[in-house]
Amino acid sequence: MKTFSEKWIFLIAVCLLGFGSPYSFAKEPTTLVFLTWKPNQPEVWHRLVKEFERLNPEVRIKFQVGPHSSTQYHAIVSQRLKNKDTNLDVFFMDVIWPPEFANAGWCKDLTPLFPVQDQEKFLHGPIAANTYKDKIYGVPCFLGAGVFYFRKDLLQKYHFKPPRTWQEMLDQGKMIVEGEKDRTLHIYSGQFKQYEGLVCDMLEFIWSNGGSVIDQKTNLPTLDRPDVIHAISFVRDQIIGKAAPEGVINYEEPESLDLFIQGKAIFHRNWPYAWSIANNPRKSKIAGNVAVGKLPAFAGHDSASVLGGWQFGINRLSRHPREAWRFVQYMSSYQAQKILALEAGLAPTRRSVYYDSDVENRMPHLKAFLPAFKRARPRPLSPVYPMISQELQRFFSQAIVNKDSDIPRLAKNASARIEKLLKLGAMVK
Amino acid sequence: MNPRDQRLYLAFLSPVILVLLIFIVAPIVSSLFASLHRIVIGLPQLGDHFVGLENYKELFRDSVARHSFWITVIFVAVTTFFELLIGLFMALLINHRFPGRGMLRACVLIPWAIPTVVSAQMWRFLFNDAYGMINYAVFGADTARYIPWLAIPGTALSAIIMADIWKTSSFAALLILAGLQVIPEELYRAAKVDGAGLWRRFRHITWPLIRPALLISLLFRTIDAFRVFDLAFVMTQGGPADATNVLQLYGYKKMFVEGWMGYGSAISVCIFLIVLILSIIYVRSVGRRLLEASV
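Heads up: the sequence lines are chains A and B, in that order.
Using our numbering, the letters of the first sequence correspond one by one to residues 1 to 429.
Using our numbering, the letters of the second sequence correspond one by one to residues 1 to 295.
In case anyone wonders, no lab produced these hints; they're calculated from the structure.
Misleading hints may appear alongside valid ones.
Cut-off 25 angstroms, straight-line C-alpha distance, at most; resulting in silico cross-link-like pairs (DMTMM-like, lysine to aspartate or glutamate) [unchecked claim]: (1) A/152 to A/182; (2) A/420 to B/48; (3) A/174 to B/142; (4) A/403 to A/43.
This is chain A alone, in the form it adopts within the complex (with noise of 0.2 angstroms):
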């Protein structure tokens, strides 16, 4: 018995020997931690993960995929990290969202890795948006921006210019409207529920009324001035229920997308994503007819574009952080910008992008996109974001579901509350 227990251990060890030899020699690969939403083509992104794997083979790329709300996706990375986790090495940031994260301590201060002259080679808007008391803490993967997407079949029937003030869009979408004899079809549709949509689509209007919402010289809310009132009060009376139906106060981008492409509406304001989209036969009746452009201004006023898109940030607690930058080197190098906008269309951050050949050629609607992006405005940069956009989403949306509210008294009342929340954050400066 004795003499077959003992013939039984030398025959595992010299199994595991034999099939355990060629790796226990060479190092064990580290493994990184990746947390992302679930992305729209998710192959696109595996195929570059598993290139970098080719090129690293000591490390390993671990997917973890947490909600596609921004939002959600916010409440989960914060916890983690305010938790300590070790477990997470790169994950993306909301382009709102480098201060906050940077003041909490939670991501890895960059500035040694990613100098200025490295910087220079992306476009300013997002590398701005990553900086937070001179150091910069993210690394731009791609870029939003609010663009404006039109018929343009309708518009050349009806021998219109792409309209360059609201009044004149509302003007052109009403002949369109009348001349098609279609009771189903409106004038506009964007994104107007209670959330963060809800806040760019908002700040757009303002700013292009000359307005602001938050004085950065003074930290001051400055939602009673009569440019911003005008701007809502423009929304609530000419936009919801007249211009779009009365059910964008619960859209989201992809209900309001769904309009468009279903050929619903004429104007639509979405980001650069819903281009592909928009032009995809097989989901999109209106594929070959759509346009971009710049979105209407109030008259006497610029257009006014709010920035998005995602960073990569490097959990300062990391393990591993020289991989980590290995990893986020290489996911937002020139190739891999590249293969995200061709394979993707997904908006590029470096500048050089947009002029190589391939992408000029396949995508000839990022160049027409550039103007929107170099123009685009960050919303409040501020630690307690997050806090100020509750109370924005919350004031607009109580200012345009009520066609008689009170918007200059919810106004006031609003900036109360955002007063607080600047104080607060300015405590930390």
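Got chain A; can you put chain B on it based on the hints?
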């Protein structure tokens, strides 16, 4: 009871006590603890100072919280009332013997068995302004007249209330059915012999005897309704204009979206206290009724 037995009982009980301590008592205590501090997760520089009842004082001054409280009260009152009413009818129906009763009993439970998140998503589609079945049922193909139910504050709240009634009436029915089944058949037969009609049999036999079951389902439904979160989270995210921003959702947003751990905990503790007080009131009255019923 001798002391050795007592130790043995304690030993047998200890796993349960441990589980209760870890999963129920500890979270409540830590919420209570957090609610007395100012903790903002995005601003660690502020530290986590003990602020006493500051969060609670702030909560009572917070107009948004007050609004959320009343929204929740409306939700609780309306859903509980209709769930008990519909549940009572369903229970009376499936208590009768008729062919296919087993099948119907199973069907009644389906809405309750579906996870809330799934049914919320389903109701969101039903109430959709462009392709929702409810609009189609009301207006047919006349899409120009379709109503955006979830975009109007009043109808959005009603939509969530409807979804909840649809889902949990069957739970009330189940509890009431249990109450119905313990009523001895002889009582009805005796009443029939005495010439009592349907209404009088219900009024004088069924009603007094199922009151304890009704009270218990009232207790469960009120407590559960106060904690409503997932329906609003999936269907409206609290909008439009905060019309469906129920208390739990407000607390969640404060804590996980904005990062006010202390303030969010204070909201949770308040919900806990409201539910606790309601439970005490109900349990006491149910207890008394039960005693009366058995005398």
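Do the hints match the structure? See the list:
1. A/152 to A/182: The hint holds at about 18 angstroms.
2. A/420 to B/48: holds (19 angstroms)
3. A/174 to B/142: Within the cut-off at roughly 21 angstroms; holds.
4. A/403 to A/43: violated (46 angstroms)
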